[in-house]
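**Student:** Chains E and A, in that order, are what the protein sequence lines are.
The opening position of the first sequence corresponds to residue -16 in my numbering, with each subsequent residue numbered one higher.
The opening position of the second sequence corresponds to residue -11 in my numbering, with each subsequent residue numbered one higher.
Just so you know, the hints here were simulated from the structure itself, not pulled from any lab data.
Treat the hints loosely; a few may be bogus.
[As the list claims (entries may be wrong)] With a straight-line cut-off of 30 Å between C-alpha atoms, the simulated DSS-like cross-links for lysine-lysine are:
{"no.": "1", "chain 1": "A", "residue 1": "119", "chain 2": "A", "residue 2": "45"}
{"no.": "2", "chain 1": "A", "residue 1": "115", "chain 2": "E", "residue 2": "203"}
{"no.": "3", "chain 1": "E", "residue 1": "45", "chain 2": "E", "residue 2": "288"}
{"no.": "4", "chain 1": "A", "residue 1": "236", "chain 2": "E", "residue 2": "203"}
{"no.": "5", "chain 1": "E", "residue 1": "203", "chain 2": "A", "residue 2": "132"}
{"no.": "6", "chain 1": "A", "residue 1": "45", "chain 2": "A", "residue 2": "26"}
{"no.": "7", "chain 1": "A", "residue 1": "65", "chain 2": "A", "residue 2": "115"}
{"no.": "8", "chain 1": "E", "residue 1": "203", "chain 2": "A", "residue 2": "26"}
{"no.": "9", "chain 1": "A", "residue 1": "119", "chain 2": "A", "residue 2": "229"}
{"no.": "10", "chain 1": "E", "residue 1": "230", "chain 2": "E", "residue 2": "203"}
{"no.": "11", "chain 1": "E", "residue 1": "315", "chain 2": "E", "residue 2": "31"}
{"no.": "12", "chain 1": "A", "residue 1": "65", "chain 2": "A", "residue 2": "229"}
{"no.": "13", "chain 1": "A", "residue 1": "33", "chain 2": "A", "residue 2": "153"}
{"no.": "14", "chain 1": "A", "residue 1": "119", "chain 2": "A", "residue 2": "65"}
{"no.": "15", "chain 1": "E", "residue 1": "384", "chain 2": "A", "residue 2": "153"}
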Amino acid sequence: MNSIHNFPKLLLPLLAAVILLLAPACQRDKQKFNTDNLPPIKGEVMAKLTVAPEVPPRIQAKTNTKVIVHLEIVEQVMRLADGVEYNFWTFGGVVPGKFIRVRQGDLVEFHLHNHPDNMFPHNIDLHAVTGPGGGAEATLIAPGKSAQFSFRALNEGLYVYHCATAPVGMHIANGMYGLILVEPLAGMSPVDHEFYVMQSEFYTSGRFGERGLQEFDMQKALDENPDYVVMNGAVGASAGENAMQVKVGETVRLFLGNGGPNLVSSFHAIGEIFDKVYIEGGSMYTENVQTTLIPAGGSAIVEFKCEVPGTLHLVDHSIFRAFNKGAIAQIKVIGEENHDVFSGKEKETVYLPEGSAIQKVGERKDASEEVVSERTLEERLEKGESLYKQNCLACHMDQGKGVIGVFPPLNNSDFLQARDDKGFGIIVNGLQGEIVVNGTSYNNIMPAMHMSDDNIASVMTYIFTELNNGGGLINAADVRQWREKNK
Amino acid sequence: MKIIGFYKLLIIGLLCLPGLKSSGQQQDMAFIEGGTYKPFVKGDKEEVPVNAFWMDKKAVTNTDYQRFVEANPQWSKENAKRIFADSNYLYHWPDSGLSQHSGPPDGAPVVNVSWFAAKAYCEWQNKRLPKLHEWEFVARAFPKNDVSADSLQRIISDWYSNRLKHDFLVGSVYQNTYGVWDMHGLVWEWVYDFNSIVMNNDGRNQEEMPEGLFCGSASLNANDATDYAAFVRFAFRTSLKGNYNLRKLGFRCAK
Ligand SMILES: [Cu+2]
Chain E
-16 MNSIHNFPKL LLPLLAAVIL LLAPACQRDK QKFNTDNLPP IKGEVMAKLT
34 VAPEVPPRIQ AKTNTKVIVH LEIVEQVMRL ADGVEYNFWT FGGVVPGKFI
84 RVRQGDLVEF HLHNHPDNMF PHNIDLHAVT GPGGGAEATL IAPGKSAQFS
134 FRALNEGLYV YHCATAPVGM HIANGMYGLI LVEPLAGMSP VDHEFYVMQS
184 EFYTSGRFGE RGLQEFDMQK ALDENPDYVV MNGAVGASAG ENAMQVKVGE
234 TVRLFLGNGG PNLVSSFHAI GEIFDKVYIE GGSMYTENVQ TTLIPAGGSA
284 IVEFKCEVPG TLHLVDHSIF RAFNKGAIAQ IKVIGEENHD VFSGKEKETV
334 YLPEGSAIQK VGERKDASEE VVSERTLEER LEKGESLYKQ NCLACHMDQG
384 KGVIGVFPPL NNSDFLQARD DKGFGIIVNG LQGEIVVNGT SYNNIMPAMH
434 MSDDNIASVM TYIFTELNNG GGLINAADVR QWREKNK
Chain A
-11 MKIIGFYKLL IIGLLCLPGL KSSGQQQDMA FIEGGTYKPF VKGDKEEVPV
39 NAFWMDKKAV TNTDYQRFVE ANPQWSKENA KRIFADSNYL YHWPDSGLSQ
89 HSGPPDGAPV VNVSWFAAKA YCEWQNKRLP KLHEWEFVAR AFPKNDVSAD
139 SLQRIISDWY SNRLKHDFLV GSVYQNTYGV WDMHGLVWEW VYDFNSIVMN
189 NDGRNQEEMP EGLFCGSASL NANDATDYAA FVRFAFRTSL KGNYNLRKLG
239 FRCAK
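With the hints as extra help, turn the sequences into a complete structure.
**Tutor:** Encoded structure:
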């Protein structure tokens, strides 16, 4: 295993040299340590660990100190998505594991506790450790046991820690990872907010959204085909009501990690540009970045200023993971609009290229004016189901279950049932702004959909009947009448 | 004449079965015919032989263990020596010892017993702890009521995922084709040579952690790198020492 850890270390200087030659990137002044003459340690502090998205405050002592860390491993059933549970193996009772913050040169006295009610042995490999297995060998413990070891935090950076007990993949797949920050003794530059966001995947026996207590699926893990890709351990963990909050004009630093076990994240914030990215959580930064790669078992630090109000969506830009598997976290930016930076929608116009071959003489221009003979309930349900799959499923999910905090449910939606337009207006005009559906608030944008009266009638018949909104056949004529009235 | 002779032979034959039918415990034990099998962790040989032996059909219960403690007071909760059983020994029993009114129900497997205690119990019964290969050999057998690899896998992964619902009594999870109960799904079980994969000469000296089952090297020594259930068992055993007492670790005997 030593060879596995050494391999990238050998490559790193080479890689860094190549990067330096190719791209003029910036670098913080970096203190180098002579391990024969380490700075003295004065006093000790008990580390304060935090649950994502919180980040612990920086240790204030002026000199290097002994930092005592207690981390408890807990196996417990928790929510993975609405109605979906999983037996998580955790560092600190949460996924991702609790955030640890120390400074370069500090002596870390690490205590790992395996709760006596646990069923499995565990250990910890901290990538911030210089030493065999990153601590793994020193910490393998049975349930009901504790292990202790100490290390000097020699290199600054943002590091992943994880369990490395065989089968390693399964321990990580069950939730055993987190981040440890080794910051410069003098601290990092001040910002208004620091947050902790870690991406990871879950391989469950049931498909995305399938209800009940799910079990780990080894075959899907081997195939690297997860059902869930999530930010901070569960679908919607840091979105909707749990979104991070900042004010316009404030600066934000995100400590980002990727627990894997398999996927590399193309990390992106919809609606923001990263002013600075500390590549792979190291000392080198680059500026003005749209999307940064975070390797499995790796990290990145990004910084930006929130200039305009709105909701930032933190996603894996391998985008099906975001919209179909859960990889979305949100930052709500509250405050005054700044139209010099972003105008909002100024105008919406019909786009109709001149001489377009699509518009044929004699054919009606507006889909809504199309004359159709009405259909039976069975026909509408059948047509409606396939229309739903083509037009709505990507956001509202299978069976209209939605994604909590992001896409509202269409299944038994009190919001839809209370409207007297049967939802036609939402399809035709789109919808944006704050709404409350079945007790959860949403503040997002649904684009207007260009669908014919006939198709709207079918898809809404399907949604009312099959997705538990009270049922009933809707005719194209109903949609046409509504359009007349709301011209 | 001829017929009587035949029966005589048969009876003599039965009596002479190599001492196996004699101890009176046999209805509680299953005869395992032995054979060879591919162990999970590769040694020098692909296949290892397992000789015929008897295995307890069920894990040892609190009630069974209570009788042992009564007959061997040096193994009571208060008397047991810490080098043989750490402070969690019989953690789930009242300090005064098990009585009819307190403690776990009859038929629940005894847990919080050390390897030394388990070994002493089996010896008191004129038995011994099963060897690792024996235990693994029996544990591979499929469930009797649904003889398939899938149904065995189901039990294991349900157990690991905390989905298995049963009464936590011996004989409540499943019986395999040997007639042995609950090899998976109830409690982990001690085996005689639990640390054989890492053992130096002295089983109690485990300062040296095994190289074999961490990180990348794990998959190099395994016969089937996708058998995660076996990885879990071997890693579990590696994390043990002989005087440990765990809430989910019990045992059964063999002979
Ligand atoms: Cu673990």
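**Student:** For each hint, tell me whether it holds in the structure or not.
**Tutor:** Verification of the hints:
1. 119/A with 45/A: holds, 15 Å
2. 115/A with 203/E: Not OK: residue 115/A and residue 203/E at ~43 Å, beyond 30 Å, violated.
3. 45/E with 288/E: Roughly 29 Å separates the two Cα atoms, so the pair holds.
4. 236/A with 203/E: At roughly 29 Å apart (the allowed maximum being 30 Å), residue 203/E and residue 236/A satisfy the hint.
5. 203/E with 132/A: holds, 28 Å
6. 45/A with 26/A: holds, 23 Å
7. 65/A with 115/A: Holds: residue 65/A and residue 115/A sit about 22 Å apart, inside 30 Å.
8. 203/E with 26/A: holds, 26 Å
9. 119/A with 229/A: This hinted pair holds, its Cα atoms lying about 16 Å apart.
10. 230/E with 203/E: violated, 41 Å
11. 315/E with 31/E: holds, 26 Å
12. 65/A with 229/A: holds, 19 Å
13. 33/A with 153/A: violated, 39 Å
14. 119/A with 65/A: With Cα atoms ~26 Å apart, residue 119/A and residue 65/A stay inside 30 Å; holds.
15. 384/E with 153/A: holds, 28 Å
Hint violations for this structure: numbers 2, 10 and 13, all remaining hints satisfied.
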